[in-house]
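First to last, the sequence lines map onto chains H and L. Read in order, the letters of the first sequence correspond to residues 217 to 548 in this note's numbering. Read in order, the letters of the second sequence correspond to residues 217 to 548 in this note's numbering.
Hints were generated in silico from the structure; no laboratory data involved. Predicted model only: the values in this text are computed from it and were never measured. Take the hints with a grain of salt, since some may be wrong.
Chain copies aren't distinguished; within one or between two, either way the pair holds.
Calculated pairs, BS3-like style, for lysine-lysine (alpha carbon to alpha carbon, straight line, at most 30 Å) [unchecked claim]:
{"no.": "1", "residue 1": "Lys312", "residue 2": "Lys475"}
{"no.": "2", "residue 1": "Lys292", "residue 2": "Lys541"}
{"no.": "3", "residue 1": "Lys329", "residue 2": "Lys408"}
{"no.": "4", "residue 1": "Lys392", "residue 2": "Lys406"}
{"no.": "5", "residue 1": "Lys338", "residue 2": "Lys304"}
{"no.": "6", "residue 1": "Lys408", "residue 2": "Lys292"}
{"no.": "7", "residue 1": "Lys337", "residue 2": "Lys483"}
{"no.": "8", "residue 1": "Lys406", "residue 2": "Lys304"}
{"no.": "9", "residue 1": "Lys329", "residue 2": "Lys292"}
{"no.": "10", "residue 1": "Lys338", "residue 2": "Lys312"}
{"no.": "11", "residue 1": "Lys222", "residue 2": "Lys541"}
{"no.": "12", "residue 1": "Lys358", "residue 2": "Lys337"}
{"no.": "13", "residue 1": "Lys222", "residue 2": "Lys406"}
{"no.": "14", "residue 1": "Lys544", "residue 2": "Lys264"}
{"no.": "15", "residue 1": "Lys406", "residue 2": "Lys264"}
{"no.": "16", "residue 1": "Lys222", "residue 2": "Lys264"}
{"no.": "17", "residue 1": "Lys304", "residue 2": "Lys392"}
Number of protein chains: 2
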Amino acid sequence: MSELRKDPIVGRWVIISTDRGKRPTDFTVQPPKENSKFCPFCYGNEDKTPPEILSYRTNGTAPNTSGWNLRVVPNKFPALQIEGGLDKVGEGIFDKMRGIGAHEVIIETSDHKATFESMSKKAIEDTFWSFRDRVMDLRKDKRFRYILIFKNHGQEAGASLEHTHSQLIALPIIPKLVSEELDGSLNHYKFKERCVYCDIIRQELSDGIRVISENRDFIAISPFAPRFPFETWILPKAHDSSFEDSQKHEFEYLSEILKETLIRIGKVLNHPPYNLVIHTSPLAEQHNEYYHWHIELMPKLTQVAGFEWGTGFYINPTTPETAAKYLKEVEI
Amino acid sequence: MSELRKDPIVGRWVIISTDRGKRPTDFTVQPPKENSKFCPFCYGNEDKTPPEILSYRTNGTAPNTSGWNLRVVPNKFPALQIEGGLDKVGEGIFDKMRGIGAHEVIIETSDHKATFESMSKKAIEDTFWSFRDRVMDLRKDKRFRYILIFKNHGQEAGASLEHTHSQLIALPIIPKLVSEELDGSLNHYKFKERCVYCDIIRQELSDGIRVISENRDFIAISPFAPRFPFETWILPKAHDSSFEDSQKHEFEYLSEILKETLIRIGKVLNHPPYNLVIHTSPLAEQHNEYYHWHIELMPKLTQVAGFEWGTGFYINPTTPETAAKYLKEVEI
């Protein structure tokens, strides 16, 4: 049974996932992962995952059999568990609660070797629809305050299986990074009566130097103060506080710009591992004027990791202007 | 010339270090670093570093020659530069300033193969004295607001040279993680009129389950809500807001507990790479009742990296109680 624990100084909640309980020897230097032939996310192995929560099928095949285009299943090794009350308690000066939440895996395609670079725009769009479908379902559960959707691509970015997939974690707390963005956005809004992200989009479109690409509904930029080299943000041009409120045409254009951006990153940086995170409003304040949902893409360029991990302070050896120039000008 | 840039939403400053300017190809998959024979931190290569700022020598040898026990030099590839004004400017809605600061390297021993595990307590104590000497010197410079001292041990933790060394960065801003700890501590103090870290130490000593070891002046614990497996904090038992205010006997006992803790971590986790960071008060508020300086030690256990990098949300597969038990009970 896992727990959510709160740091008593900075208020950051962490999941202590004892179910995944590792012994110290599990952490010692491991041989490079062999490319094992068996993949629980491929056709024919549907019984090797927990029963599916959702699948997209166009051919009338039965649940938990082959024939699907996209499949959502509970994580077999969940960091949180879905059943039970939160049981918030103190332990002296410390605060904790039970590790209640949902932890799901979105298998975006049956093609073991596919990536967002190679997948069709339609398949990527379906991935966004599946995210939305899951959010619409999970938001009914009043224990949850935030739904975190992310993708780890490549082992160095934290992917434990090669077959492309995303993850969804529904949480009874709001992650610290999200709270900070909400607080910062709200402060800006109180002062200026404008969304800070809308202001950024206006300035970036006018300056041009950090714009990687844009289409009808979205813009891809290298942010002004990036933590990591080639960090990239994708934002809807029209103000929208929640990912799941997007219009159909927005998901179409989002798929287009995401695929294109990943192709650019792949060409310039030789297909690096990356983390993709959807930043959106908490469930209780889905519709607001101050927060602007967006996607953050962080290529994992191992040479520069390490320092930030310990200090919380970032040194980035690549200006966003340089990164944007490379990504914009690469031939795709 | 590098720049400090502020994220307009969450207020986080980052260093954009253009002097280290990397091209995209610098980030693509690199061969494992060869253990090159040449080491600029070994005897005889004193002219391969910038001239030394400080050295400890017991034998009357001349500066920038062999014979030193410890040597502090400017970083050859500094993230910040020491000369010039801050030149704070806005760029539309964005804020930036010149990348002014000091970036120094502390070479703790001439022994290429030494580590804090193998070094004498006296040599580790001297390292702390050198940190203090540099802080006392740099605090005179009124442009600086914070001095960050840290050690990356091992390539996976960000060390670019094998020869053991620490780093010091004097900054014209306060890093976000530090601000958050200060704010949190001050809130607790306003409410309780007690230091939150003193409260934690009291509770941990009384509970016992997260205590790894203690000596006269220090305690080593697995914190209640650790971000990383085997994350370890070392705190002075007596309230003290600044590292550099420590008494001589405190540096002696600090060396003892740090060496011992790293030996424990080394035995349990097979000598992992790690980051060590000194958390101390900003220069303008060195003496206060609410903040408590301490050391945070984060073994870098690669299997669990990745997810947190992108999401700012931490899943830790090892309870601090389990970590403390292993570290406490290992035979040293």
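Checked hints:
no.	hint	verdict
1	Lys312 <-> Lys475	neither (40 Å within a copy, 32 Å between copies)
2	Lys292 <-> Lys541	between (42 Å within a copy, 28 Å between copies)
3	Lys329 <-> Lys408	neither (48 Å within a copy, 57 Å between copies)
4	Lys392 <-> Lys406	both (21 Å within a copy, 22 Å between copies)
5	Lys338 <-> Lys304	neither (43 Å within a copy, 47 Å between copies)
6	Lys408 <-> Lys292	neither (46 Å within a copy, 44 Å between copies)
7	Lys337 <-> Lys483	within (18 Å within a copy, 50 Å between copies)
8	Lys406 <-> Lys304	between (33 Å within a copy, 24 Å between copies)
9	Lys329 <-> Lys292	within (21 Å within a copy, 43 Å between copies)
10	Lys338 <-> Lys312	neither (42 Å within a copy, 41 Å between copies)
11	Lys222 <-> Lys541	between (41 Å within a copy, 21 Å between copies)
12	Lys358 <-> Lys337	neither (34 Å within a copy, 55 Å between copies)
13	Lys222 <-> Lys406	both (29 Å within a copy, 20 Å between copies)
14	Lys544 <-> Lys264	neither (42 Å within a copy, 39 Å between copies)
15	Lys406 <-> Lys264	neither (51 Å within a copy, 54 Å between copies)
16	Lys222 <-> Lys264	neither (35 Å within a copy, 47 Å between copies)
17	Lys304 <-> Lys392	both (18 Å within a copy, 29 Å between copies)
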